[in-house]
Amino acid sequence: MTASPDSPASPSAAPARPSAARRTLAELRRSPAIAVAAGLLLLIALVALLAPWLAPHPEHASGATDTGQALRPPSAAHWFGTDELGRDVFSRVLYGARFGPTIALVVVVVSLLVGTVVGLVAGYFGGWIDEILMRVTDVFLAVPALLLALALAAVLPRGLVGVTIALAVTWWPWYARLVRSEAASVAGRRHIEACRALGLPHWRILLRHVLPGSVTPLLVQASTDIGGVILVASGLSFLGLGAQSPTPDWGLMVQQSQNRFMTEWWIGTFPGLAIMLVAALCYVLGDALRDRLDPRRTPRL
Amino acid sequence: MIAYTARRLGLSALVALGVVVLTFVIARLVPGDPAAGWAGPRASPEERARVREELGLDRPTHEQIIDYVGGVLRGDWGISVRTHRPVLDDLLSLLPNTLQLVLAGLLIGLLVGVPAGLLAARWHNRLPDVLVRSAAIVGASMPVFWLALLLQTFFAGQLRLLPVAGSWDADMLAQYPLAKVTGLPLVDALVTGNWPMLASVFDHLLLPALVVSAYPVAVIARLVRASVLDTLGETHIQMVRSLGFAERAVLGRFAVRLSWNPVLQLCALIFGYSLVNSFLVEAVFNYPGLGRYAANSATVLDVPAIVGVTLLVALLYIAANLIVDLVHAALDPRIRLR
Chain A
27 MTASPDSPAS
37 PSAAPARPSA
47 ARRTLAELRR
57 SPAIAVAAGL
67 LLLIALVALL
77 APWLAPHPEH
87 ASGATDTGQA
97 LRPPSAAHWF
107 GTDELGRDVF
117 SRVLYGARFG
127 PTIALVVVVV
137 SLLVGTVVGL
147 VAGYFGGWID
157 EILMRVTDVF
167 LAVPALLLAL
177 ALAAVLPRGL
187 VGVTIALAVT
197 WWPWYARLVR
207 SEAASVAGRR
217 HIEACRALGL
227 PHWRILLRHV
237 LPGSVTPLLV
247 QASTDIGGVI
257 LVASGLSFLG
267 LGAQSPTPDW
277 GLMVQQSQNR
287 FMTEWWIGTF
297 PGLAIMLVAA
307 LCYVLGDALR
317 DRLDPRRTPR
327 L
Chain B
13 MIAYTARRLG
23 LSALVALGVV
33 VLTFVIARLV
43 PGDPAAGWAG
53 PRASPEERAR
63 VREELGLDRP
73 THEQIIDYVG
83 GVLRGDWGIS
93 VRTHRPVLDD
103 LLSLLPNTLQ
113 LVLAGLLIGL
123 LVGVPAGLLA
133 ARWHNRLPDV
143 LVRSAAIVGA
153 SMPVFWLALL
163 LQTFFAGQLR
173 LLPVAGSWDA
183 DMLAQYPLAK
193 VTGLPLVDAL
203 VTGNWPMLAS
213 VFDHLLLPAL
223 VVSAYPVAVI
233 ARLVRASVLD
243 TLGETHIQMV
253 RSLGFAERAV
263 LGRFAVRLSW
273 NPVLQLCALI
283 FGYSLVNSFL
293 VEAVFNYPGL
303 GRYAANSATV
313 LDVPAIVGVT
323 LLVALLYIAA
333 NLIVDLVHAA
343 LDPRIRLR
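Note that the protein sequences, when read in sequence, are chains A and B. Quick note: to get this note's numbering, add 26 to the position in the first sequence (first position is 1). Quick note: to get this note's numbering, add 12 to the position in the second sequence (first position is 1).
Please note that a few of the clues may not be correct.
Restraint-style ranges between C-beta atoms, simulated for each label pair [said to hold, decoys possible]:
| no. | chain 1 | residue 1 | chain 2 | residue 2 | range |
| --- | --- | --- | --- | --- | --- |
| 1 | B | 13 | A | 58 | 47 to 57 Å |
| 2 | B | 253 | A | 285 | 56 to 66 Å |
| 3 | B | 91 | A | 105 | 22 to 32 Å |
| 4 | A | 100 | B | 177 | 21 to 31 Å |
| 5 | A | 285 | B | 343 | 29 to 39 Å |
Honestly, the hints are just simulated from the structure, not real lab data. Ideal placement from N, C-alpha and C gives every residue a C-beta, glycine not left out.
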């Protein structure tokens, strides 16, 4: 994706290969949903990166309090109001972009790598290797994602690293199954047999001739999944199993505002909106990518 | 069909066994010596050694796993550190509440999601379609605990239409005791004609069930829409149309029937997802179910309880998958050959 967040069609986004860039731009013009969703997600990534400069009160993200300003409703001075410790909710929501979305990105990338390796090996070699790997995958898939992550996060050390590991262990089987079915469908084809007959090493056949077929469905699935992982991760934070205070994690912020939700609605409403926005953008992006790249596939939810 | 059923049953049993082993591994991931935790912080090394022996921790791992699997099969799921009661008793007493919540959510999901999906397919790319699709994205991307807080604040806090939390009015239980028939409070109150209790249970269930239904509504609407649109493009539907059937009949009598398949296929997945989503909802509404139990157990590291919940929900989910597959195979013979 070469779109820059402010103007998807800006020529400055074009790298050294103009033809590829022009093709991407033409593609984006044909599917505005992809451009808008990807652009907004990039904007959020930029916010996460530049939070120290964008936030009016960066100190409120790391433990500083201002009890004289406690529980102020949204105003010009505090766009999203302040919480019970007088911290600026707007600043904390901006900083929150550094936690949930980052966890989700790491989880999806790690799961993609593990799942792809397992799936490729199972689909390509078949036989008892396939049987064992896929039964292990089935076992992981037999526990609903949030629950498996909850159980793992409960027994692992509390904190961001624990949640990330718990979620990655939960998520890889989905990719393993996806890659396995794609790999198995090409493993028996003529050109793969030809590669074998030529004596190419297995790893090379896997990387150059089997893997490419799975890239499109993986891309579509991964972009949707980032939204799903953010939702599950925020749920774990909400239960107290993820980020710990005073981290301005969105899920944790909602949980900490729980007892005040009826009176000081702004403390928990804005972090919740942030979670929803990111998750919705990921879904829209995934949907649009599927329509564009993989139209014959019906949505897998 | 018999061969398929046998194969599917065997596979489910194998996966269930695998889940038992997985929970054993999760329990062993807890940092520190489990015997030290059990014996307490002031135990002497001799006491710890005695506890290790009692708990079987001094024996090789594979013997421990076999013991653990045997215990699970016999119904010995350990004692909760928090409640000091057998975990399985705790779980079985809470399960009906959670099942009631999830089933109510799924029912709303079907009642709202199917018509919404049909509406969107009928007016493809027109206003109803755009509205349904946007609503489905919003429904699927809302953090469920946040939606619970919003609805709780609005309907219970501001409008005072519905109770804030709990499963029924506690003071009514003495006057109108709830007879146990099925275990599901709503059904029990209904079949025993306990009207005041029925109203109370219903009032307390409505908001949590609405929150749980957000995801099923969104997924079912999208799914019905997509599969009806798929079917509408097929030749036999075009033939029905060319025979002069009205668009309503084409949709309602022909296309819908074929689009049940994908919905059925995803039923188990939606059930599993709603089941764990209800955990977060229970935490907000202080609703006495598996989720509140799991959340409370997780925060104090009550390992037998966490492992027990995981195991029970996984078994339910495996059973749901099995049932869906068997129903599917009964309806669609092609499945049996796969």
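A quick look at each hint next to the structure:
1. For residue 13 of chain B and residue 58 of chain A, the hinted distance range of 47 to 57 Å is satisfied, since their beta carbons lie about 49 Å from each other.
2. Checked against the given bound of 56 to 66 Å, the beta carbons of residue 253 of chain B and residue 285 of chain A, roughly 58 Å apart, stay inside it.
3. Residue 91 of chain B and residue 105 of chain A have their C-beta atoms about 51 Å apart, which leaves the hinted 22 to 32 Å range violated.
4. Separated by about 27 Å at the C-beta atoms, residue 100 of chain A and residue 177 of chain B satisfy the suggested range of 21 to 31 Å.
5. Between residue 285 of chain A and residue 343 of chain B, the C-beta spacing of about 49 Å breaks the proposed range 29 to 39 Å.
The earlier numbered hints that this structure contradicts are 3, 5.
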